[in-house]
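Asker: For this one, chain P is given, so just place chain R on it according to the hints.
The residues making up each chain are set out below.
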Amino acid sequence: MNQKELLKGNIAIAKAAVKCGCSCYFGYPITPQSEIGEYLSAAMQERELGYVCAESEIGAINMAIGASSTGAKVLVSSSSCAISLMQEALSYAASDELPIVLVNVMRAGPGQGYIYPSQGDYNQTTVGGGNGDYKIISLAPSNVQECIEMTYKCFYLSQKYRNPVILLLDGLLGQMAESVELAENTYPEIDNSSWVLSGAHNRPSREIHSLEPNQDKLNRHILDLNNKYKKIEEEVTDWEEYMCEDAEYIITAFGSLSRHGKAVCKYFREKGLKFGLFRPKTLYPFPYKRLNELSKNLKGIIDIEMNLGQMLKDIRLAVLSNTKISFVGKPVGDWLKRDELIYAIENVIKEDYASIH
Amino acid sequence: MIRNFIFSGSGGQGVLSVGIALANIYMLDDKFVSYCSSYGAEMRGGAVSCEVNVSDEELLCIQNDKADYVVAFNQKSLDKFISKVKENGTIIVNSSLAKIEKTRKDIKYIFAPLTSDAMKLGNIKFANSIALGILMKLCSNLSIDMVNCAFEKLLKNKKDLIQKNIDAFLFGYNYAI
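Line by line, the protein sequences are chains P and R. Be aware that the first sequence starts at 1, since it is given in my numbering, and climbs by one per residue. Be aware that the second sequence starts at 1, since it is given in my numbering, and climbs by one per residue.
If you are wondering where the hints come from, they were derived from the structure by calculation, not from laboratory data. Ideal placement from N, C-alpha and C gives every residue a C-beta, glycine not left out. Incorrect hints may have been included.
Ranges between beta-carbon positions, derived for each pair [as the list claims (entries may be wrong)]:
1) P:I356 x R:S143: 56 to 64 Å
2) R:T103 x P:G111: 35 to 43 Å
3) R:M119 x P:V127: 52 to 60 Å
4) R:M1 x P:Y114: 47 to 55 Å
5) R:M1 x P:G333: 26 to 34 Å
6) P:G71 x R:S143: 48 to 56 Å
7) R:G46 x P:N297: 47 to 55 Å
8) R:M1 x P:H209: 56 to 64 Å
9) R:M119 x P:Y114: 33 to 41 Å
10) P:I356 x R:S38: 34 to 42 Å
11) R:K137 x P:G71: 51 to 59 Å
Pulled out of the complex, with its shape left as it was, chain R reads as follows:
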């Protein structure tokens, strides 16, 4: 099994954090993972993206043309990365900040108001954890225990946020899609 993911959005939306979280979850599942972010001139509000690759064996392709799953956190990243979704792949679009419009017929769209849902849950920053929940539901062979484990590891200095992020994750996981 090889799976490729791309997360894209603007600086401050937790694009890189969600990539790292996903990579950690798969690492706990004993997979080979690589995580690769755009680097350099990132700043709050600037365009940012990262690529996560997961495999049962040694990862050879560390940069890929296309991904099985793309998450676009705003309109700009939807426009930029829509062509990167593999045929029959899936794109998760943050419909709070992007148009609900299907420009390709060969892929699956999931529109989710990540930003407004995150605000309902109490903090705009949970949008990425909701997206991660949706994504995990789609590739649902992972146990929730691993997700808990990954959050505990990544947020060990911000313990009060662990449960809240898990709640946001579960909110996404239980989305009707």
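Looking at chain P on its own, in the form it has when it is part of the complex:
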């Protein structure tokens, strides 16, 4: 018998977090991510690790700042409108250079919206709502297996670069179950003994805070952060290319909708049209350079999203040429089905499509 399990995206993330040594969880229930907290409420207590169902999301993320300062491996999970509440703390955590893993299982917005799945938090994640020059690394899985692998990677990257990391997935993927293997975490442990607040016995005292009244020191701190982000952009950027080698059209998509994009590519390939798919696995840092290279010989790019074109802006920044860029999307609810996408894309590439019939 194989080692496969049928796991929901949410449960897979929770199990992976435990497996790679998460020592504290803070959260407040909200659909569609509540299973993460539910699973961990038992799993963390069994292992005598930290679990707090906080009084609010603001409480949860600030508890994470405290715990992370002491060297704990921290996980916080929530959803869209509640992630909005955490923006101030994320700016603080980025300035304090604290490793925090934050899972956002997207529901529909703006405002309270509702629990239907959506990909409407691309801007919130990549641009952010906190103040100052800061960046949050963000990873976007497309299936449950990747939810597991990316959870491991989020913990690793957050520790390695001492930066908050967001795992961004849609409500559909959080709620969907797939056959997966809970593989081992192969990322190395990062030594944090040089900065954590572990008690100043036999060593000089340390402080972690973002307040800096000295203008020169503040200037240097922000530039140091920026140098770190440049390093992250060089080292962390990740993407997937599907049938892109000889493609004349490229579909761009992130998260689970990219799978429907692949099905569309297969359909058009069978019809004789050279389609490929480009999927950023890291939303920040975005793979601008690679997409720019790929775009040079294309007839067109079609961006598909379950929002009204948030990643489109980054596609345009990446391409910066005359390559035609079109958009197909809708804001909320049932995913754009394969046939809906095919119909919409046929209209976008009308002339070329007509010539093969």
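Answerer: Chain R only, in chain P's frame:
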């Protein structure tokens, strides 16, 4: 091979459980499976449905327009999901709680009194296992061993129900259809 299934009914009828059972059976058969339920405001009596997709290779379409097999556990879900059956697809209708009426000519209907048969077997909750039996008969390339295995795994905390569910499953499997 790609197969799509939709189960629909009202909360408490075991709609989601039967979807999970089917997904587990195919997982034991080394297929790629995805299981996706309507989520949010489910409650006993409220409308509920789930979609199970099975494939030999990586599953790309996780939400589909149409399904090869639809199981409707009551009239409301029959009305709602009848249009979701693919041409030449099959719908299994719980005739205890829905009218025996064929509104489409391009699909196969199987009417089975799931609820009253389940009551005859001793518990109204077995309706879903009977439906699973009928469904497995239709896509009959699976061995009964896998079904046993899946039930043992899913009901490991309710051991007394394993055999009863297998009996209900076999009752459905041996339906004259």
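Asker: In ascending order, which of the hints set out earlier in this document are inconsistent with the structure?
Answerer: Violated: hints 1, 4.
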